[in-house]
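Chemist: The residues making up each chain are set out below.
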Amino acid sequence: AQSVSQHNHHVILSEAASLELGCNYSYGGTVNLFWYVQYPGQHLQLLLKYFSGDPLVKGIKGFEAEFIKSKFSFNLRKPSVQWSDTAEYFCAERKGAGTALIFGKGTTLSVSS
Amino acid sequence: GAVVSQHPSWVICKSGTSVKIECRSLDFQATTMFWYRQFPKQSLMLMATSNEGSKATYEQGVEKDKFLINHASLTLSTLTVTSAHPEDSSFYICSAREVAGVGYNEQFFGPGTRLTVL
Chain A
1 AQSVSQHNHH VILSEAASLE LGCNYSYGGT VNLFWYVQYP GQHLQLLLKY FSGDPLVKGI
61 KGFEAEFIKS KFSFNLRKPS VQWSDTAEYF CAERKGAGTA LIFGKGTTLS VSS
Chain B
1 GAVVSQHPSW VICKSGTSVK IECRSLDFQA TTMFWYRQFP KQSLMLMATS NEGSKATYEQ
61 GVEKDKFLIN HASLTLSTLT VTSAHPEDSS FYICSAREVA GVGYNEQFFG PGTRLTVL
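Chains as they are written, first to last, in the working numbering: chain A, 1 to 113; chain B, 1 to 118.
The set of hints was computed from the structure by calculation and includes no laboratory data. Don't take each hint at face value.
As the list claims (entries may be wrong) - Result set (SDA-like, lysine to any residue): computed pairs, CA atoms no more than 20 Å apart in a straight line:
no.	chain 1	residue 1	chain 2	residue 2
1	A	Lys61	A	Ser26
2	B	Lys41	A	Glu66
3	A	Lys105	B	Phe39
4	A	Lys49	B	Val3
5	B	Lys41	A	Lys49
6	A	Lys105	B	Phe67
7	A	Lys58	A	His10
8	B	Lys14	B	Phe67
9	B	Lys41	A	Gln45
10	A	Lys58	A	Pro40
11	B	Lys41	A	Lys58
12	B	Lys55	B	Phe39
13	A	Lys105	B	Leu118
14	A	Lys105	A	Pro79
15	A	Lys49	A	Ser26
16	B	Lys41	B	Glu106
17	B	Lys66	B	Ile12
18	A	Lys105	A	Ser80
19	A	Lys61	B	Ile12
20	A	Lys105	B	Lys14
21	B	Lys41	A	Lys69
22	B	Lys41	A	Ala16
23	B	Lys41	A	Val111
24	A	Lys69	A	Asp85
25	A	Lys61	A	Arg94
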């Protein structure tokens, strides 16, 4: 069965610190990978996605992620976090365009100013 | 961008009653919609896949007679929680996949519906 593992449950950083959130996926075939953010009281927003091509994906709000097939990983990074990045971050995968997303358990990011 | 709405955003009901939650794609047509539930501080768990004009496909462990899904049009899917009990209290989120076009390979999420069963 598909599964997505997010290693960090809760990450606490100071503003301007660098961020890396781990994500490992399980499916070995063609995979679509996503990172979503959920700000307090708001709905899910897509940060970035990977379908194929350049394994380094740039997203919105200065986020990026790197797809490493040999490690089944798709870690999210941001060089310098802001207080407004405080949110819940979800990694997700799916087998193909018509199927549902399978989400990881999420990582809570708290950024102190 | 593609917008998905849910109604109501928040509902409180008594145990034993039924609650209907609507999911609408506002500016695109969606052959497929997905229903998830999210418990506090937890991830989204897929409940079912809803295809327009056909029966929904439920994930293992989800009672199809309790969570009735209807996808009668390309812009509307409904989830009815029948005979709701306190353990059904959760955050229900839908997503929709565009029939064709730019959004074909994406899923657009609704804002969610918080259900509280007393």
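Chemist: Each of the hints needs a verdict: does it hold here or not?
Modeler: Hints, one by one, checked against the model:
The suggested pairing of A:Lys61 with A:Ser26 is violated, with an alpha-carbon distance near 27 Å, which exceeds 20 Å. Annotation: proposed proximity of B:Lys41 to A:Glu66 is violated, straight-line Cα distance about 26 Å (limit 20 Å). Our distance criterion of 20 Å between C-alpha atoms is met by A:Lys105 and B:Phe39, whose separation comes to about 11 Å. With a C-alpha separation of about 18 Å, the suggested pairing of A:Lys49 with B:Val3 holds against the 20 Å cut-off.
For the suggested pair B:Lys41 and A:Lys49, the alpha carbons sit about 23 Å apart, so the restraint of at most 20 Å is broken. Between A:Lys105 and B:Phe67, the direct Cα distance comes to roughly 23 Å. Violation of the 20 Å bound is thereby established for this hinted pair. Taking the CA atoms of A:Lys58 and A:His10, the gap is about 23 Å. The hint is violated against a cut of 20 Å. Between B:Lys14 and B:Phe67, the direct Cα distance comes to roughly 17 Å. Compliance with the 20 Å bound is thereby established for this hinted pair.
Taken as a hint, the B:Lys41 and A:Gln45 pair is honoured in the structure, with Cα atoms around 17 Å apart against an allowance of 20 Å. For the given pair, A:Lys58 sits about 24 Å from A:Pro40 by alpha-carbon distance, which is inconsistent with the 20 Å threshold. For the hint linking B:Lys41 to A:Lys58, the alpha-carbon distance of about 27 Å lies beyond 20 Å, and the restraint is violated. Among the hinted pairs, B:Lys55 with B:Phe39 is inconsistent with the structure: their alpha-carbon atoms are about 26 Å apart, more than 20 Å.
The straight-line distance between the Cα atoms of A:Lys105 and B:Leu118 is roughly 27 Å, outside the 20 Å bound, and the hint therefore fails. A distance of roughly 23 Å separates the Cα atoms of A:Lys105 and A:Pro79; the hinted pair therefore is violated under the 20 Å criterion. Restraint check for A:Lys49 and A:Ser26: satisfied, since their Cα atoms lie roughly 17 Å apart, inside the 20 Å limit. For the suggested pair B:Lys41 and B:Glu106, the alpha carbons sit about 25 Å apart, so the restraint of at most 20 Å is broken.
Only pairs whose Cα atoms come within 20 Å are accepted, and B:Lys66 paired with B:Ile12 is accepted, the gap being roughly 17 Å. For the hint pairing A:Lys105 with A:Ser80, the CA-to-CA distance comes to about 24 Å; that exceeds 20 Å, so the pair is violated. Distance check on the hinted pair: A:Lys61 and B:Ile12 sit about 36 Å apart at the alpha-carbon level, beyond 20 Å; violated. With a C-alpha separation of about 30 Å, the suggested pairing of A:Lys105 with B:Lys14 is violated against the 20 Å cut-off.
For the given pair, B:Lys41 sits about 29 Å from A:Lys69 by alpha-carbon distance, which is inconsistent with the 20 Å threshold. As the CA atoms of B:Lys41 and A:Ala16 are separated by approximately 26 Å, the hinted pair breaks the 20 Å bound. Of the supplied pair hints, the one linking B:Lys41 and A:Val111 holds, its CA atoms being roughly 18 Å apart against a limit of 20 Å. Taken as a hint, the A:Lys69 and A:Asp85 pair is broken in the structure, with Cα atoms around 27 Å apart against an allowance of 20 Å.
The straight-line distance between the Cα atoms of A:Lys61 and A:Arg94 is roughly 23 Å, outside the 20 Å bound, and the hint therefore fails.
Of the numbered hints listed earlier, those contradicted by the structure are 1, 2, 5, 6, 7, 10, 11, 12, 13, 14, 16, 18, 19, 20, 21, 22, 24, 25.
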